[in-house]
Every structure is written in structure tokens, then in C-alpha cells.
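Take the two lone chains, each set in its own frame, and fit them into one complex as the hints suggest.
Read top to bottom, the protein sequences are chains A and B.
Numbering that gives the first Met the number 0 puts the first sequence at residues 0 to 88.
Numbering that gives the first Met the number 0 puts the second sequence at residues 0 to 124.
These are computed hints drawn from the structure, not numbers from a lab.
Just so you know, these numbers come straight off a predicted model, no measurement behind them.
Be aware that a few hints might be false.
Covered stretches of chain B, going by a simulated chain A footprint (3 or more residues, C-beta under 8 angstroms) [unchecked claim]:
| no. | region |
| --- | --- |
| 1 | 18–27 |
| 2 | 38–49 |
| 3 | 59–70 |
| 4 | 82–93 |
| 5 | 101–111 |
Below, in silico cross-link-like pairs of lysine to aspartate or glutamate (DMTMM-like), each with a Cα-Cα straight-line distance of 25 angstroms or less [stated by the list, open to error]:
| no. | chain 1 | residue 1 | chain 2 | residue 2 |
| --- | --- | --- | --- | --- |
| 6 | B | K89 | A | D31 |
| 7 | B | K89 | B | D107 |
| 8 | B | K28 | B | E100 |
| 9 | B | K89 | B | E100 |
| 10 | B | K41 | B | D31 |
| 11 | B | K28 | A | D31 |
| 12 | B | K41 | A | D31 |
Positions of the beta carbon are idealized from the N, C-alpha and C atoms, including for glycine.
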Amino acid sequence: MIDYALYFAFACFGSALLMNLWKIVTAHGVGDRVLALDTMVVNSIAILVLMGIFQGTEVFFEATMIIAMLGFVSTVAFARFMLRGNIIE
Amino acid sequence: MEQIFDILAAIFLVIGGFFGFVGSFGLLKLGDPMSRLHAPTKATTLGVGGVLIASLLHSFGAEGYVSVHELLITLFLFLTAPITALFIAKAHIHRHGDDYELPPTGGDASWAVLSDSEEEPVKTD
Chain A
0 MIDYALYFAF ACFGSALLMN LWKIVTAHGV GDRVLALDTM VVNSIAILVL MGIFQGTEVF
60 FEATMIIAML GFVSTVAFAR FMLRGNIIE
Chain B
0 MEQIFDILAA IFLVIGGFFG FVGSFGLLKL GDPMSRLHAP TKATTLGVGG VLIASLLHSF
60 GAEGYVSVHE LLITLFLFLT APITALFIAK AHIHRHGDDY ELPPTGGDAS WAVLSDSEEE
120 PVKTD
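Isolated chain B (complex conformation) (with noise of 0.2 angstroms):
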């Protein structure tokens, strides 16, 4: 049985491991700053979530307990890697978004980056 959760362990570290390769290789690799922008963002949070399944695996076969700190590790990061590729995309859209030209919403309002710092602060006295 606990031969089964190390194989399980082993695979999910080799999964992990090469995913989390593949993230910094493309932010040296690729190109463009917005496309930049894919490979860590998204290659390195799926190889962390293999290691800390990895781990998870590993705790449940070796002692015989789950352990909660990788479940929690996972969800904050799973919550805030969106959200810190969103601010650094929103930076870059601000300070160079006049040097290309970006590409149509579909409707009649602007890309609401763009649009929302050109309102009106709202009072309140």
C-alpha cells in the first residue's frame, strides 16, 4: 500500500518538476511581454500544485495522516497567481499600450482597464 502512494508521489514530482521547467524557460524563451506573460503564470502554478499533491501523497503514505497545510498552500496559491498576472498585465497594458495596437472588445466599450480611470471619482459627504 505505501508502495502505491510512493510511486503516486513520484509521478506527480516528475509531472511537477517539468512543468515548473517549462514556466521559466518560457519567460526566457517567448517573445512578446503580454505572451510572456502565459508561462509563469500558468506553467509554474501547475508544477507547485504537483509538488504539493506530491507531498500530500507522500504524508498520507509514510506517516498516515492528511496534512492540511498543502490543501491550503494550493488554494491561496491557486487564488492569487490569476490575480497577480491580472495587475501585471493591467501595468503593462497602462504604460505600453499605445506602442501596438490591441485587439477589438466586440462592442462599443473599450477595454474596461482602459476605461475605468477616466471616471468620475464618486462623492460622498
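The shape of chain A in the complex, shown without the other chains (with noise of 0.2 angstroms):
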């Protein structure tokens, strides 16, 4: 049963993962791209603990908080860059 219910939400993910690639590409300012792309952070997470479910292991979940932690990190600088032109004064 768990496993029907684990293809639907890769199902999900993947297509979710593709509408923002789509988004990534054919948006029109650079504020969408960033928030495409966070949400692509997001994804991925749900990718990688729907990986983590699926094989049984607990391997994925460092890589899921790296990700997390990076994602955030990277949308700030991202965010910051948009305001004011550089990152670091």
C-alpha cells in the first residue's frame, strides 16, 4: 500500500520539479527565477526523504539538511544580490 502512495508523491515531486524548470526558464524578471529556484530547493528535499523511504536507509538524511541549509543560505544571497547590486560590502 505504501508503495502505490510513494509512486503518487514521486510522481508529484518530479512533475512539480519539471514545472519549475520550466518556470526557470521562461520567466520574465529575475525575482520569479530566485523563487522558482527555492522552490526547486524545496523539491528536492521531498525527493530525496521519498528516496529515503523507498530504500529504507537513513543515508539521505545529512545530504537532506546540507541541501536545506544551502537552499536558504543561497536564496538570501540570492535576494541580497537583487537589492543591492553585491553580496559581501
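Set out below in C-alpha cells:
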């Protein structure tokens, strides 16, 4: 039973990643691109956790934690770059 | 007993997958940039939260111990998602705020995002 739910969730988050990629390619402003990139980070976290359930291992949690931290820092850096034009003054 | 946790984890997986899909679909579908900010920051965070709860229930049902990693990741995501949304909205208001009328704040002061940039920096020597 959980296998079918896992397949459903994989399909949902996989298509969500594809839609984010499409948004990054076709967005009009740089703000939309940063938002789509941030959404992509969150969706990839979900995919990694699903992979951990699917294979029954715990090795993906460290990778998930690193991706979450890096995604947050990179989004803040992108937003600051949009505002100021540079990151470290 | 294991069956119950299996069914609960499956329900949370379906809920999480649905909300993750809705979040990214809203990013494509909504028209205004400020309303486009709603879908990924709220619906996708809820979707990832559902998936993490499902992982917690599955590890508790299958292996019989409570894993703290999921709680850590959930806490981190729920703390950082509003901050990133605020930063992106702030950048958007500063770049495109003149294009349309901001709603009134209901007081004398203007929006805090716009007012704090005009203050003199405090000198400490």
C-alpha cells in the first residue's frame, strides 16, 4: 500500500520539479527565477526524503539537511544581490 | 499495528504529494508576482511537511524507533521558508514597487520596508 502512495508522491514532486524548471527558463523577471529556484530546492528535499523511505536507509537525511541549509543561504544571497548588486560589502 | 502506521504514512504521502504539486502548479499559473509568491511558500512547505511526517511514521512503524532527523528538517524548513518569502517580497517591492499602488498601512507611517532605508546610519565611536 505504501508503495503506491510512494509512486504517487514521486510523480507529484517529479512533475513539480519539471514545472519549476520550466518556470526558470520562461520567467520574465529575475525575482521569479529566484522564487522558482527556492521552490526547486524544497521539492528536491521532498524527493530525497521519499528516496529514503523507498530504500529504507537513513543516509539521505544528512544530504537533505545540507541541501536545506545551502538553499536557504543561497536564496538570501540572491535576494540581497537583487537589492544591492553585491553580496559582501 | 504495523498496518496502521503503514496506512497513516500512505495518507500523509498522498496529502504531501498533492500539496507539493499544487504549489508548483500555482507558481506557473498565478498571474501577479506578489500573488505568485503565495503558492510555493505555503503549499510546497505543507507538502514537504506531509512527506516528512510520513517518513517519521514509516520509520516508527517499520523499525520501531522515533527518528529525530525528520523533526529537525521540518523545524528548519518551517523556520526558513517565511524568511526567504519575506526577502523575495522585499526585493520585489524595492525593484518594482513604483509600478503599482501599495495598499494603505492604516496609519501615519509608510510601509516598513520602504521607510528603514532612508534612516541615517547610527555612528558609534
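>> Please list, smallest to largest, the hint numbers that this structure does not respect.
In response: 5
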